Amino acid sequence: MSGRRSSLFASAMELFFETTSLVLPRPERNEWTREWRAELHHIVGRGISPKVCIAFALGAFPDALWIRRHSRRSGHLLESPRRCVAILAVPAALSITLTLLLPQVRPDIFPPKYEGPSDLVTISPVPSVVGSEMEVSTDQYLRWASHGQPGLSQTAFYYPVTVEARVRGHELSWGLGESTADLANLLHVPIPKGRVEACKRIGATPIILSRDAWKHDFACDPNVVGHMVRISGRPAVIVAIAPLAASDLPLQMDAWSLESDQAIHTLAFKRFAYGYMIAQLAPGSFRGASRRGSRIEMFSDDGERTRLYIVGLPRLAEYHRRIPTIDFLLSLFIACLMVPAIMAVCLGTCLRAEKLSLRMRTKGWMFLGAKIALLLPILYCGPLLIAHAAVATSRGSRHELQTLITVCACLLAALWIIDDQRQRCPHCLRVLTNPARVGDRSRCLLSFSGMEYACSEGHGLMHVPDYPTSWFASQRWLALDASWRTLFQHGT
Amino acid sequence: MPGMATEPKLSHTAALILQAVESGFIYGFSIMEATGLPSGTVYPAMRRLERDRLIASRWEKQSVADAEGRPPRKYYKITADGKSTLAASRKRYPLLARLAPTAEVEHA
Numbered sequence: 003m004s005g006r007r008s009s010l011f012a013s014a015m016e017l018f019f020e021t022t023s024l025v026l027p028r029p030e031r032n033e034w035t036r037e038w039r040a041e042l043h044h045i046v047g048r049g050i051s052p053k054v055c056i057a058f059a060l061g062a063f064p065d066a067l068w069i070r071r072h073s074r075r076s077g078h079l080l081e082s083p084r085r086c087v088a089i090l091a092v093p094a095a096l097s098i099t100l101t102l103l104l105p106q107v108r109p110d111i112f113p114p115k116y117e118g119p120s121d122l123v124t125i126s127p128v129p130s131v132v133g134s135e136m137e138v139s140t141d142q143y144l145r146w147a148s149h150g151q152p153g154l155s156q157t158a159f160y161y162p163v164t165v166e167a168r169v170r171g172h173e174l175s176w177g178l179g180e181s182t183a184d185l186a187n188l189l190h191v192p193i194p195k196g197r198v199e200a201c202k203r204i205g206a207t208p209i210i211l212s213r214d215a216w217k218h219d220f221a222c223d224p225n226v227v228g229h230m231v232r233i234s235g236r237p238a239v240i241v242a243i244a245p246l247a248a249s250d251l252p253l254q255m256d257a258w259s260l261e262s263d264q265a266i267h268t269l270a271f272k273r274f275a276y277g278y279m280i281a282q283l284a285p286g287s288f289r290g291a292s293r294r295g296s297r298i299e300m301f302s303d304d305g306e307r308t309r310l311y312i313v314g315l316p317r318l319a320e321y322h323r324r325i326p327t328i329d330f331l332l333s334l335f336i337a338c339l340m341v342p343a344i345m346a347v348c349l350g351t352c353l354r355a356e357k358l359s360l361r362m363r364t365k366g367w368m369f370l371g372a373k374i375a376l377l378l379p380i381l382y383c384g385p386l387l388i389a390h391a392a393v394a395t396s397r398g399s400r401h402e403l404q405t406l407i408t409v410c411a412c413l414l415a416a417l418w419i420i421d422d423q424r425q426r427c428p429h430c431l432r433v434l435t436n437p438a439r440v441g442d443r444s445r446c447l448l449s450f451s452g453m454e455y456a457c458s459e460g461h462g463l464m465h466v467p468d469y470p471t472s473w474f475a476s477q478r479w480l481a482l483d484a485s486w487r488t489l490f491q492h493g494t
Numbered sequence: 018m019p020g021m022a023t024e025p026k027l028s029h030t031a032a033l034i035l036q037a038v039e040s041g042f043i044y045g046f047s048i049m050e051a052t053g054l055p056s057g058t059v060y061p062a063m064r065r066l067e068r069d070r071l072i073a074s075r076w077e078k079q080s081v082a083d084a085e086g087r088p089p090r091k092y093y094k095i096t097a098d099g100k101s102t103l104a105a106s107r108k109r110y111p112l113l114a115r116l117a118p119t120a121e122v123e124h125a
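Protein chains in written order, with my numbering: chain A, 3 to 494; chain B, 18 to 125.
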């Protein structure tokens, strides 16, 4: 190693030992760090490879944990409020940093802005941006498509289905939009001339691949166009990659197959063949409607007029950008609803003990707020990172896994926050120690039976009943005056 | 019960480390090299042995380290209790003596 690299390496190792030493009880830190530093100095001096040095240094962590576990002076890892906040800050910072730095994860938090044509709209029976509410039947679409519609220059339709796709030897579950051929024109997808006809000649269905599927299932392969895949056993050829704007169409599809008119007409005979109608606004008509939304009257050949709504793709894009936040808030809400079913939602006497000064009470609330504030980024980014690591390919499965992890993590976090706050001294916010069983279980429930915890600083005792009675329903804090402090001077 | 052994029973790993210390490998990394065990195993095991008073540690004199321009090192040596425990462990693990590394004494 060169001199500069060697000193950088040594500094990184020093930092690692210093950080790891925080696990140890304070009086043991100096000697422990001194020993590991000295050992590393000798190893580096012998010219041993950095890989071996790092493997050696990593052993410091189990060593520190062992000392902590077996030291008489060590207490709860999150004993002091400062240490608790510092320890929570590490995974919070780590999860935020990883989410922002990893190119596969970042777009899930900050989806790219809509940069497609501003005149593209969906025609929907309700003024909604939720995919499942925007469907129209294939039969209706065909009746409208056969009649010129005022204000619209062209229209397209796709019917969403879930299919088994065989891609490069892997079976994947894809969301496929069986669409009319106009969809490619509408989305300005550049398909080389004659490619669609060439596909049809060999009996393959031409498909447009979504950007996400291209990234995840084909690893951004630049030569993917012309690649053959099998969709539900049928051969299909990728004729183009969809522009970014296509990812804001209702129901995020992995691909769109360009079906013949005959196939779309066959769809109309299906009872529940509901899909999405996309249109391009004629120049000058429905000004600003793509952003704000507007009403439109659709005409069919038999003279029937139907009132529908225009929902612009820019508006849908805005909604899609908000989905991760909406999902997270919903998961948080579900978890909060589940908490009272599992434990009593009561913060004990930590924040409302009698004779507790306003300053102490504020400190307690601030500590609670800090814990929540640090847990939120962990709960938001952590499940996303885990879902990306666990399910690299299927976007749908990843989203489901992420939601499941988020709900469970939010629930566990809520339970921990309440439990941790209850176990703390209302004065110094340190975790209560020295648990002792007090009293006997009485048949008539007239004597106290439960656990007694003490504050290591001598601020008081917490009594937690084994079973709630009318005269001792929840835990109680017994404040001790200053004369008791001499008993607790060494924190034992 | 009379006649019952009172020496703490060591795991094979701990006995190997104790054997290495007795053989003269007196600091953490040399024990790692002699036994082939990783640092995450050797150091916690040495803490345990020291807690049970089977080995004792001492810091090298600052003046010696300063003269050589390096930080002082922590050395370990086997105690009398450690020697008797090791003798009992050798009976329990007959192959221990064969696995024992060759003696090396540094700064002892």
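Warning: the hint list may mix true and false statements.
Said to hold, decoys possible - Here are the computed lysine-lysine pairs in the DSBU-like style, where the Cα-Cα straight-line distance is at most 35 Å: (1) B:K108 x B:K26; (2) A:K365 x B:K94; (3) B:K78 x B:K26; (4) A:K373 x A:K115; (5) A:K53 x B:K108; (6) A:K195 x A:K272; (7) A:K365 x A:K272; (8) B:K94 x A:K53; (9) B:K78 x B:K94.
Derived by calculation from the structure, the hints in this document are not laboratory data. Quick caveat, the model's predicted, so the values are computed rather than measured.
Okay, the hints, checked on the actual structure:
1. Between the alpha carbons of B:K108 and B:K26 the distance comes to roughly 11 Å, so the proposed pair stays at or under 35 Å and holds.
2. Among the hinted pairs, A:K365 with B:K94 is inconsistent with the structure: their alpha-carbon atoms are about 50 Å apart, more than 35 Å.
3. In summary, the hint linking B:K78 to B:K26 is supported, as the alpha carbons are separated by about 34 Å, within the 35 Å threshold.
4. For the proposed pair A:K373 and A:K115, the alpha carbon gap of about 33 Å is at most 35 Å, so the pair holds.
5. Annotation: proposed proximity of A:K53 to B:K108 is violated, straight-line Cα distance about 38 Å (limit 35 Å).
6. For the hint linking A:K195 to A:K272, the alpha-carbon distance of about 32 Å falls within 35 Å, and the restraint holds.
7. A threshold of 35 Å between alpha carbons decides the hint, and for A:K365 with A:K272 the separation of about 64 Å lies outside it, so the pair is violated.
8. Annotation: proposed proximity of B:K94 to A:K53 holds, straight-line Cα distance about 29 Å (limit 35 Å).
9. A hinted pair counts as satisfied when its Cα atoms are at most 35 Å apart, and B:K78 with B:K94 qualifies at roughly 16 Å.
In the structure shown, a violation is registered for the earlier hints numbered 2, 5 and 7, in ascending order.
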